[in-house]
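K.L.:
Sequence:
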Amino acid sequence: MSESLLEVKSLKKYYPINKGFFNKAQGFVKAVDDITFSVNKGETFGLVGESGCGKSTTGRSLLRLIEPTAGEIWFEGQDITKLSMEEMRKRRREMQIVFQDPFSSLDPRNTVQRILEEPLIVHGVGNAKERRATVERLADVVGLAKVHLQRYPHQFSGGQRQRIGIARALALQPKLIIADEPVSALDVSIQSQVINLMQDLQSEFGLTYIFIAHDLSVVKHICDRVAVMYLGRIVEITDKNKLYSHPLHPYTQALLSAVPEPDPDIRKERIILQGEVPSPSNAPVGCAFNTRCPRVMDVCRNLRPALQETEPGHLTACHLYEGEVKSLLA
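The sequence shown: position 159 = 161 (the working numbering), numbered continuously.
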C-alpha cells in the first residue's frame, strides 16, 4: 500500500458574482465544486478534462496561490488550509508549481541566473557562492548550458523556457510539483523532450507530480492514476490502464472516443455529445453532466451522484453504477 503524500477533502472554490448598486453577491461561479482525492508518494496523478472544468483552479488552490472557499488539504499529515501566510510560505519549499505559459511565468527583466536564484534568496538558502553552485547544477540537470545563465527569457525557445521553469521549481528540492499543462504551449516534438525530462527528474529526485492536462495521449504516457473533471467536479478516478481500456463514466467514454487513433485501419466509434457545457455559475441540479449525457435518467436530474468505488481501485460518480439502478439495468 503506497503512502499518501497529499489528501484533498471536499475542496471548493467559489467566485462571487457581484451585481447592483451595493455590489452584493447575486450568485457564485463554482470553479471547483466539492472534490476529494489523494496522491501517493512518488506517483504522477493526472487531472484531465475540457477547458474551464476547474483543473488549473484546483492546482493553484492546493498551493493556496488562490484561497479555497472550503475544504481540507492535508500535506504530509498537516492541514495546510489552517496555516498562517508565513507558515504557508515555509511549507511551499516542499510544494512547487510549473506554470502553463513558460514566457509569462518568467520575469523578462531578470537573467536566468537571477530567476533560478530567487527562490533560494527568498527562503534564505545558502550564501552567494553556494547559491551560484546550486543554480549551475540546476541548469545542468534540465539540459541548459552555463552560458545560458546570463541570458534573458526572450532569448530562448518555448521548450528552453519551460526547462527554466522546471529548474526553478526544483530549486528548493520539493516533494510535490504541480505541473499545470506544462507542455500544451509547446510544439509536439518539444513536448516529448520535456515529458521525458520530467520523468527522469522524478526518478532522480523521488518527486511526486500532479499533472494537469487536456491532451489524453500525454496523460497516458506520464501518469499513474488519472482523475477526470467535469464542471468543477471529479467524475472518475482510476489507474491509467483501466481508464483507457474500461472507462465507466459516460463523459470519460466520450472524452476518450475523441483521442485520434494512429492506426488508420482501426475504426473507432466517436461519441458526439449534444449541447454546450453548462455555465459553472448555473450548474445543473443533480449530476452536472445530465444535460449532455446520452444515458441520462430521471434520478440524474435530481440527485448528485457520489464519487464511490464501483470496481476495485476504480471510483465513479454516476448513478448507472449504484446498487439499485445497476440491478434494474442488468
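Do not take every clue at face value.
Mimicking SDA-like on lysine to any residue, the simulated pairs with C-alpha atoms at most 25 angstroms apart in a straight line are [stated by the list, open to error]:
| hint | residue 1 | residue 2 |
| --- | --- | --- |
| 1 | Lys270 | Tyr246 |
| 2 | Lys177 | Arg91 |
| 3 | Lys244 | His223 |
| 4 | Lys244 | Glu313 |
| 5 | Lys11 | Thr136 |
| 6 | Lys177 | Thr136 |
| 7 | Lys43 | Lys270 |
| 8 | Lys270 | His216 |
| 9 | Lys222 | Ser191 |
| 10 | Lys177 | Arg227 |
| 11 | Lys244 | Ser6 |
The calculated label-pair distances, taken between Cβ atoms and stated as ranges, are [unchecked claim]:
| hint | residue 1 | residue 2 | range |
| --- | --- | --- | --- |
| 12 | Arg93 | Ala130 | 24 to 34 angstroms |
| 13 | Gly126 | Ser186 | 28 to 38 angstroms |
| 14 | Asp300 | Asn198 | 42 to 52 angstroms |
| 15 | Asp109 | Met87 | 19 to 29 angstroms |
| 16 | Glu132 | Asn243 | 40 to 50 angstroms |
| 17 | Arg111 | Glu5 | 21 to 31 angstroms |
| 18 | Tyr154 | Asn25 | 34 to 44 angstroms |
| 19 | Glu5 | Glu74 | 14 to 24 angstroms |
| 20 | Pro262 | Glu313 | 35 to 45 angstroms |
| 21 | Gly54 | Gln276 | 16 to 26 angstroms |
| 22 | Asn42 | Ser106 | 27 to 37 angstroms |
Derived by calculation from the structure, the hints in this document are not laboratory data. All values reported here derive from a predicted model rather than from experimental measurement. We treat Cβ as the ideally placed atom computed from N, Cα and C, and that holds for glycine.
K.L.:
Next, verify each hint and record whether it holds.
P.N.:
Results for each hint:
1. Lys270 <-> Tyr246: holds (13 angstroms)
2. Lys177 <-> Arg91: Cα-Cα ~15 angstroms, so holds.
3. Lys244 <-> His223: holds (14 angstroms)
4. Lys244 <-> Glu313: holds (10 angstroms)
5. Lys11 <-> Thr136: violated (36 angstroms)
6. Lys177 <-> Thr136: Satisfied, since the Cα-Cα distance of roughly 18 angstroms is no more than 25 angstroms.
7. Lys43 <-> Lys270: violated (36 angstroms)
8. Lys270 <-> His216: holds (20 angstroms)
9. Lys222 <-> Ser191: holds (17 angstroms)
10. Lys177 <-> Arg227: Distance of about 18 angstroms is within 25 angstroms: holds.
11. Lys244 <-> Ser6: OK: Lys244 and Ser6 at ~21 angstroms, within 25 angstroms.
12. Arg93 <-> Ala130: 24 to 34 angstroms: holds (26 angstroms)
13. Gly126 <-> Ser186: 28 to 38 angstroms: holds (34 angstroms)
14. Asp300 <-> Asn198: 42 to 52 angstroms: holds (49 angstroms)
15. Asp109 <-> Met87: 19 to 29 angstroms: holds (22 angstroms)
16. Glu132 <-> Asn243: 40 to 50 angstroms: Cβ of Glu132 to Cβ of Asn243: about 44 angstroms, so the range 40 to 50 angstroms holds.
17. Arg111 <-> Glu5: 21 to 31 angstroms: violated (42 angstroms)
18. Tyr154 <-> Asn25: 34 to 44 angstroms: holds (41 angstroms)
19. Glu5 <-> Glu74: 14 to 24 angstroms: holds (18 angstroms)
20. Pro262 <-> Glu313: 35 to 45 angstroms: Taking Cβ atoms as reference, Pro262 and Glu313 lie about 27 angstroms apart, which means the hint is violated.
21. Gly54 <-> Gln276: 16 to 26 angstroms: holds (18 angstroms)
22. Asn42 <-> Ser106: 27 to 37 angstroms: At 32 angstroms between Cβs, range holds.
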